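**Q** Given chain A's structure and the hints, the job is docking chain B onto it.
Listed here are the chains, written in short residue letters.
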Amino acid sequence: MGEIIVLLLLIIFSGLIFMQGDEFAHLNESQLGPGTFPQLIAVLLAVLSLVLLIRKIIDMKRAAGTGASAGEQFRAFIHEYKLVIIMFAMLTVYIVLIDVIGFVVMTLLFVIAAGLLIGPKKRKNIVILVCVSVVLTFSTYLFFQNVLYVRFPSGILL
Amino acid sequence: MFDLLILGMNEIFQLHILLIIFVGVVVGILAGLIPGFTVAMAIVLTLPLTFGMDPVTGVAAMIGVFVGGMSGGLISATLLGIPGTPSSIATTFDAYPMAKKGEASKALSIGIWASFLSSIISLLLLVTIAPQIARFALMFGPWEMFALIVLSLTIIASVTGESILKGLIAGLFGLLIATVGADPIAGVSRFTFDLGILRAGIPFLVVLIGMFAISRLLVFLERTEMAKDKEEKQKDELKDMKVVLKPLQTLRMVLRKPGTLTGSSIIGSVVGAIPGAGGSIANIIAYDQAKKWSKDPKKFGTGCEEGVVASEAGNNSTVGGDLIPTVALGIPGSAVTAVLLSALMIHGITPGPLLVTSEPNIVGGIFFAFFVASFWMLIAQFAGMKLFVKVTNVPVHLLVPIIFVLCVVGTFVLNNRVSDLYILLMMGLIGYLFTKYKFALAPAIIGVILGPLAEVNLRRAFMTNPDWTLFFTRPISITFLILAVLSIAFTVWQTKRSGKRMAGAA
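Protein chains in written order, with UniProt numbering: chain A, 1 to 158; chain B, 1 to 506.
For reference, chain A alone in the conformation it holds in the complex:
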């Protein structure tokens, strides 16, 4: 099922690229314009995705009727991917807030939170995580700030 969605998205994506490809000004007739190469690739991508899509749908029709109920499938899905989904959400929050709150604070929090999400929630573990998080945050911050002169987003805190 997911595979079909991915393929549909790919087809939509190539469609978008193809339609946008016409909007650029051509410099002159003899050369390929800025839109031609992407359009060519988009057509190829759409055709191949469509071929695979049709194949998958045929396969699915054949295999239909087996498997658990939708509710059970959903529960199994959540069980398997719970950590992936939560972690991706955490990463998103981390990235969004880096600019608002600041690199140092967010990194300290992210490492501890992510570590607790995956690992055991015991006191010893928390102590280790806090140490790791402090060392990691300040060593990257100081290295890039002082050796490579990178300015990290400082946000409202740091």
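If you are wondering where the hints come from, they were derived from the structure by calculation, not from laboratory data.
As the structure is a prediction and not an experimental result, all values here were calculated from the model.
We put the CB at the ideal spot given by N, CA and C, even for glycine.
Among these hints, one or two may not hold up.
Said to hold, decoys possible - Covered by chain A, per the in silico footprint, the following chain B stretches (three or more residues, Cβ under 8 Å): (1) 57-66; (2) 169-178; (3) 401-414; (4) 454-462.
**A** Relative to the frame of chain A, chain B by itself:
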């Protein structure tokens, strides 16, 4: 032929560069031996650290990581029976049984020697072949370059992943991603969909970090993967074993098998030079061939020395092979060399057939850094084995957050843009979905790096001469295109055949 190597020696023989290569090798070994963390990941994350260095030093550091990583998988393959990287799968076949028999140290030292000697053999091949190919490639016009890129992409698509269709889709997707941003010839802004984030394009390295590192970490967090990891960590009965390496004795053992060693090294170098095929494929092919040619194939899989030699020689020699098209043509054979090329580009050096003549010190530096890295790998592995063995104990819940942060830092440092971080998230998600549904990531990555090159050459060809039939009438160009069609046809035929055989067996 060796003048490049001597030139490189002058570049590399400075204390700080030698030291940096050593650090690279150690980092590579660590990345290789920790299951679930790949060499590609390590090399991507080293890149930001090399920004402050001059090009030769930076590239040398990365070659250190590459060489170290290829040999690091040996440790976990031997002691835990699980490949630390995909390129040491066949190593587990014989090294693990050998370790179970109580000869872990023998397996490790044989593996280290095989890695080292095969690296040297592949270096010799690299030094002799790459300049010749580059000289030949100087004759290429835009038609030939375009055809060559088409060929590389079809080969990558056919050797990686579940099916060639998926490989091609991934490759085309990579090509399309690369068109976002400014057009390489006219400078027109394309496909930004009026989003500020996309105005600067999608940087190659952000795609790489997202697809290879973020998505890999997400896979790691799936319930079944976590359970598997726990289970593997529990069978550490071997880890407390005393590891006493006997370098000289085992060197003799390896040298007594010159056929297996050179054969596997050549297989490794050739496989490495094919775009898309790397250590993981060479490791298995070399093992398989050694078994076929052996007088006594039955002892393979029970802990025999040849098995360890073949598999470890197979994966380490891909480094030299992989560098051949990278240096000679500017076409990377794997994600790792793609990073290497983009590091050069960041320093304003254009990879391609001209590299050997225009930047001989860089090319020589690459060659010699490979040589030095192989030595460091030997020394680091023999001297630091006891420490490395301990690292397999580092818990996942510490590593995953650390690597996430390093990915974010690495992405930000590339261009000092917060907007790149959003692209990173997007690419991580896409990479995860791709892996989940068995679209290979390598074609997508190589597509992104070769995309602009393909487009520029295609358009240049039409600017020079609007006649499109030139692609089919110029001899070298048509040869490449025919090979591209053949590589697709062959793969399709092969899958059909094996499909039939499976149906017959069932």
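**Q** For each hint, tell me whether it holds in the structure or not.
**A** Each hint tested on the structure:
For a cut-off of 8 Å, the count of residues in the region 57-66 of chain B with a CB near a CB of chain A stands at 0, and the three-residue condition is violated. Check result for the region 169-178 of chain B against chain A: holds, 5 residues qualifying (beta carbon to beta carbon below 8 Å, three or more required). Chain A is given as covering the region 401-414 of chain B, and this holds because 9 residues of the stretch bring a CB closer than 8 Å to a CB of that chain, at least three being needed. Judged by the Cβ-Cβ criterion of 8 Å, the region 454-462 of chain B is covered by chain A as claimed, because 5 of its residues qualify and three suffice.
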